[in-house]
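Trainee: Chain by chain, the residues:
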Amino acid sequence: QKEVEQNSGPLSVPEGAIASLNCTYSDRGSQSFFWYRQYSGKSPELIMFIYSNGDKEDGRFTAQLNKASQYVSLLIRDSQPSDSATYLCAVNTQVTFGNEKLTFGTGTRLTIIP
Amino acid sequence: DGGITQSPKYLFRKEGQNVTLSCEQNLNHDAMYWYRQDPGQGLRLIYYSQIVNDFQKGDIAEGYSVSREKKESFPLTVTSAQKNPTAFYLCASSIIRFDSNQPQHFGDGTRLSIL
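Chains A and P are the protein sequences, given in the same order.
In terms of the numbering used here, the first sequence has 107 at position 107, counting the first letter as 1, and numbering is strictly consecutive.
In terms of the numbering used here, the second sequence has 1041 at position 41, counting the first letter as 1, and numbering is strictly consecutive.
Bound conformation, chain A alone:
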């Protein structure tokens, strides 16, 4: 079973600080990595995606990927109370050539403390 693991939290971060969310995955063949934000009772919303090793920045969000260590992270700078949500990590899993699906982690619940 190909797995994606996240610390379930809750992770509490003071307002204005950096929140760091981590995810590890077991399938070395994975090529695409996604972070989704899910507010309580709502559907997931795409935040970031990353395909290459290194950092990718979008506003206050930075995704970091290290394929050798099978590790992907999401940094949220200047955390705001509106960032309080569950963050889901998703990794592509190749079933057959050209036929891929996503495997989701169970999510990390983030709380920003005013």
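Treat the hints loosely; a few may be bogus.
[Stated by the list, open to error] In silico DSS-like links for lysine-lysine, alpha-carbon gap of 25 Å or less: (1) A:Lys101 / A:Lys42; (2) P:Lys1057 / A:Lys101; (3) P:Lys1071 / A:Lys101; (4) A:Lys101 / A:Lys56; (5) A:Lys42 / P:Lys1009; (6) P:Lys1070 / A:Lys101.
[As the list claims (entries may be wrong)] Looking from chain A toward chain P, a few residues come up when the C-beta cut is under 7 Å (computed): (7) Phe34; (8) Ser43; (9) Leu46; (10) Asn92; (11) Thr106.
[As the list claims (entries may be wrong)] Between beta-carbon pairs, the in silico distance windows are: (12) A:Gly29 / P:Thr1086: 31 to 39 Å; (13) P:Ser1067 / A:Ser52: 33 to 41 Å; (14) P:Arg1097 / A:Arg77: 25 to 33 Å; (15) P:Leu1027 / A:Gly54: 26 to 34 Å; (16) P:Asn1018 / A:Glu15: 44 to 52 Å.
For the record, the hints were derived by calculation from the structure and aren't laboratory data.
Cβ coordinates follow ideal geometry from the N, Cα and C atoms, glycine included.
Take the given structure of chain A and dock chain P to it, following the hints.
Mentor: What follows is chain P alone, placed relative to chain A:
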């Protein structure tokens, strides 16, 4: 506005009853997906389809059925064989590109409960 529409938002099922959840997208996306989410859990894939008239089982397909007669539509039927159907059901869609795995975008979901 382009998007993914799921209906109904809430659905109640009686014992022995089949129910169908609707998912429609006007994004011209090739692939569509159905997930189930239980409280405090991640998303588990039920079925997915990359092309009209073709679909594949996901990790938890037992007790569910789907059809893909049109590119825009991917309805999910929860059959009476699914003994624990209470969950949040999410439909997603994505473009297919063979050089990279494209993000999936989600509808607002349907909450299914047992009466």
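Trainee: Tell me the hint numbers this structure goes against, listed in increasing order.
Mentor: No numbers; nothing is violated.
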